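**Student:** Chain by chain, the residues:
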Amino acid sequence: MTDVQFRFRDDEEAGDPAVTVDAFLDQTNATAVRIEPGDDARDLLPYLDRLQLIEVNFPAWTDGRGYSSARVLREAGYVGELRAVGDVVIDMLSHLRRCGFDAFAPEHGLNEADAHAAFQRWDNVYQATGDGRQAIWAKRHG
Amino acid sequence: MKILTGNDLKHGHVVWWDGEQWSKFVNSAADVGDRGEAIIAREEGAQRVFAAYVIDGERDADGVRPAHIKERIRALGPTVRPDLTLKPGDPDASNWVI
Amino acid sequence: MYKYDQYDQQMVDTRVAEFRDQVRRRIDGSLTEDQFRPLRLQNGLYLQLHAYMLRVAIPYGTLNSRQMTLLGDIADKYDRGYGHFTTRQNIQYNWVKLEETPDILADLASVEMHAIQTSGNCIRNISSDQYAGAAADEIVDPRPYAELLRQWSSFHPEFLTLPRKFKIAVIASETDRAAMKLHDIGIQMVKNDKGEIGARFFVGGGMGRTPMIGPMIRDLVPLDQLITYSEACLRVYNRYGRRDNKYKARIKILVHELGKEEYTRQVEEEFAHLLTQDIEPPLAELERIKAMFVDPPFEAGANDDLDLSDPDFRLWVERNCADHKAPGYIVATVSLKPVGGIPGDASADQIRLMAQLAKDCSFDELRVTHAQNIVFPHVKKADLYKVWQTLDEAGLGTANLDTVGDIIACPGLDYCSLANARSIPVAQKISERFGSAEKQAEIGELKLKISGCINACGHHHAGHIGILGVDKKGVENYQLLLGGSEGADTSLGQITGPGFDEDGIVAAVETAINVYLRERKNGERFLDTYRRVGMAPFKEALYD
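Residue numbers (our numbering), protein chains in the order written: chain S, 1 to 142; chain D, 1001 to 1098; chain E, 2001 to 2544.
Incorrect hints may have been included.
[What the hints assert, rightly or not] Dumping the calculated SDA-like pairs for lysine to any residue here, alpha-carbon to alpha-carbon at most 20 Å:
no.: 1; chain 1: E; residue 1: K2097; chain 2: D; residue 2: H1013
no.: 2; chain 1: E; residue 1: K2165; chain 2: S; residue 2: W61
no.: 3; chain 1: D; residue 1: K1010; chain 2: E; residue 2: L2031
no.: 4; chain 1: S; residue 1: K139; chain 2: E; residue 2: Y2004
no.: 5; chain 1: E; residue 1: K2003; chain 2: E; residue 2: D2295
no.: 6; chain 1: E; residue 1: K2429; chain 2: D; residue 2: D1092
no.: 7; chain 1: S; residue 1: K139; chain 2: E; residue 2: A2284
no.: 8; chain 1: D; residue 1: K1010; chain 2: E; residue 2: R2080
no.: 9; chain 1: E; residue 1: K2003; chain 2: S; residue 2: A135
no.: 10; chain 1: E; residue 1: K2097; chain 2: D; residue 2: S1023
no.: 11; chain 1: D; residue 1: K1024; chain 2: E; residue 2: E2099
no.: 12; chain 1: D; residue 1: K1010; chain 2: E; residue 2: G2029
no.: 13; chain 1: E; residue 1: K2429; chain 2: D; residue 2: P1082
no.: 14; chain 1: D; residue 1: K1010; chain 2: E; residue 2: R2037
no.: 15; chain 1: D; residue 1: K1002; chain 2: E; residue 2: G2474
no.: 16; chain 1: E; residue 1: K2473; chain 2: D; residue 2: N1095
no.: 17; chain 1: E; residue 1: K2248; chain 2: S; residue 2: D63
no.: 18; chain 1: D; residue 1: K1010; chain 2: E; residue 2: S2030
no.: 19; chain 1: E; residue 1: K2246; chain 2: S; residue 2: W61
no.: 20; chain 1: S; residue 1: K139; chain 2: E; residue 2: K2003
no.: 21; chain 1: S; residue 1: K139; chain 2: E; residue 2: K2290
no.: 22; chain 1: D; residue 1: K1010; chain 2: E; residue 2: L2041
no.: 23; chain 1: S; residue 1: K139; chain 2: E; residue 2: P2282
no.: 24; chain 1: E; residue 1: K2165; chain 2: S; residue 2: P37
These are computed hints drawn from the structure, not numbers from a lab. The model shown is predicted, which means the values in this text are computed figures rather than measured ones.
Hey, can you work out the whole structure from these sequences and the hints?
**Tutor:** Listed below in structure tokens is the structure:
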């Protein structure tokens, strides 16, 4: 399991390893699950309060299904750790964050300085994505 | 013959491997035999070229002729703007690509 | 037209800084080409046949003289003295250098322009009607809605890694001047029975390998749900669009494979959910944008007569000019298709000339059309003759709008690394064959479109006559299609039969036109005659 390189939470990292969605739906005691691009995040909706950690795998950063999975989970009220794993690249860090990810475990460690610059790149945002940031249109109209 | 072509990273222009370095002129292209991939790996690694690949060509009376029309247009420039090609003074230059 | 506020300006400036950093990391080797390619594409930077190519966004085809002047200056400063206007209302520069591209983007940002998302698997430039704000037949100016969608789609974090590119068009008239139904999402602003404006959504149109006409999936989306509904359409696509095969990855394939009803059901379900998430801008935002698209101060009582005694001027007015909604004004199209020229290309001097004319005579506004021409939307009739004379002296006065001389052609194998055949020489030969004004007048409306490969950037499926370049064992070959149309009566062209070489396709076009001239009745256009008599007479003439 790759280490979490960036984490924006105050609580402890989950102890249990993440199981697949199929395995999770079979078990009653797993608290961590990993979503693959082809999984439907909505399958997890009945179990969100049981989950401490949801990993979303990006086998290739250009396969963007994980972004929708993340938003779907946050929109449904998931407040646990939402961790991006796999091909996590510098240039998508801020977008991942906006979609609800609060932990990042890239398979290849990222340059810390470049990553921090990337997280802080955008002072303003055009869209409301549920991450708590005020969209530009909201700032314009108070 | 097997020749190598690619592009200059910073400027983007088309280049051909002449045996020692990358040249703008297809007539300088060297026959790399079966060493093409190895040369590409080394040269791309050193960032002296990018998007490089091996193509077929033949040597004829005029110089080196890539086998495919696309590569011949790459070697010359846009046939509809002779002034922007590598042979701006030659009114028949675009016949060579056909 | 839209003016950036501090937020918009900061967004483009931030993007320049981000890209400058990405170029630095590419040049110092920290980013490989495989890693860098998707990033540069999201800033419109391609590697083409001869060099890097930069595609600059011209949002819904609208720009002012200051912006147009800079586009000309960029051609001189960073390129080789010209630019190419595209079938999506953008401009392309064919010879930029990677290390200078951040500076180009910085120059663009200084006049509120950019190259954001003009390539890559993301939402691209939103196109619209080139007569917006001037046409007599629009119910409302479509551009404020396009601007609202532009901001929503820019750097949208969920939709930057879609299965494939995504193209949206917005119109507001029954006459479709933007090929709206041939887009991934086509939006037509309409009025309901109560006179309220809303958005009609067509999803799943497109050209390329498998051309399809987008079906209507929602008759009316209220204005205060426009963004939410669009988001639902995109989310369903992002989640379920195919990612296993690049040639089956557009939304048109998803809509086709699910069926319109099932795709619609999924969108409506997602939409109902998203309505609870507060992602819609307030209507005040739309009003703020609309306020920038009010009519310019048209002169009341401007002279509505035109002196057409100069026959060349009369021809240009009849061919290239359209009725304006305000008396005394006219909409003028500048043809970038001189006889034998390269369709859509303009020199830096020509670009700056058009900028100056627009500033003086069109309330400082220009449009780029998806037919690769330029429009002055608001010319006072009293100024028109002077405008035409100036254009004509600069080689911009060709009177051929929507005739066989007004050819749409992609750059083709002369420029594009995806192409199988050259398209520009074919366009030039056809243009010369039918160069005379008399011949063009005799033929009338004829939209001829040429693509150098199946990606169809020349929109050949939507041509009354379409030409598709293919590679036949290393030799350029051309297929002929007939009967396509991009208007409200959208239809896809049909292949006539075996292909032709370069001289052969020019002769085939002439043959097809001769069949039309022989068969036509009652003022029919080429398209009308084809639809009435069918393929048979054409096939017979071409191949027997």
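**Student:** Indicate, hint by hint, whether the structure satisfies it.
**Tutor:** We went through each hint and held it up to the structure:
1. E:K2097 <-> D:H1013: Between K2097 of chain E and H1013 of chain D the Cα gap is close to 9 Å, so the pair holds against 20 Å.
2. E:K2165 <-> S:W61: OK: K2165 of chain E and W61 of chain S at ~16 Å, within 20 Å.
3. D:K1010 <-> E:L2031: holds (14 Å)
4. S:K139 <-> E:Y2004: With a Cα-Cα distance of about 15 Å, the restraint between K139 of chain S and Y2004 of chain E holds, given a limit of 20 Å.
5. E:K2003 <-> E:D2295: Answer holds: K2003 of chain E to D2295 of chain E is near 15 Å, not above 20 Å.
6. E:K2429 <-> D:D1092: Holds - the C-alpha atoms of D1092 of chain D and K2429 of chain E are around 17 Å apart, at most 20 Å.
7. S:K139 <-> E:A2284: Measuring from Cα to Cα gives roughly 12 Å; hence the hint holds.
8. D:K1010 <-> E:R2080: holds (17 Å)
9. E:K2003 <-> S:A135: holds (18 Å)
10. E:K2097 <-> D:S1023: holds (17 Å)
11. D:K1024 <-> E:E2099: The hint holds at about 19 Å.
12. D:K1010 <-> E:G2029: Answer holds: K1010 of chain D to G2029 of chain E is near 12 Å, not above 20 Å.
13. E:K2429 <-> D:P1082: Answer holds: K2429 of chain E to P1082 of chain D is near 17 Å, not above 20 Å.
14. D:K1010 <-> E:R2037: Answer holds: K1010 of chain D to R2037 of chain E is near 14 Å, not above 20 Å.
15. D:K1002 <-> E:G2474: holds (18 Å)
16. E:K2473 <-> D:N1095: holds (18 Å)
17. E:K2248 <-> S:D63: holds (15 Å)
18. D:K1010 <-> E:S2030: Holds. K1010 of chain D to S2030 of chain E sits at ~15 Å (cutoff 20 Å).
19. E:K2246 <-> S:W61: holds (16 Å)
20. S:K139 <-> E:K2003: Cα-Cα ~17 Å, so holds.
21. S:K139 <-> E:K2290: holds (18 Å)
22. D:K1010 <-> E:L2041: holds (16 Å)
23. S:K139 <-> E:P2282: Holds, at roughly 11 Å.
24. E:K2165 <-> S:P37: Holds. K2165 of chain E to P37 of chain S sits at ~19 Å (cutoff 20 Å).
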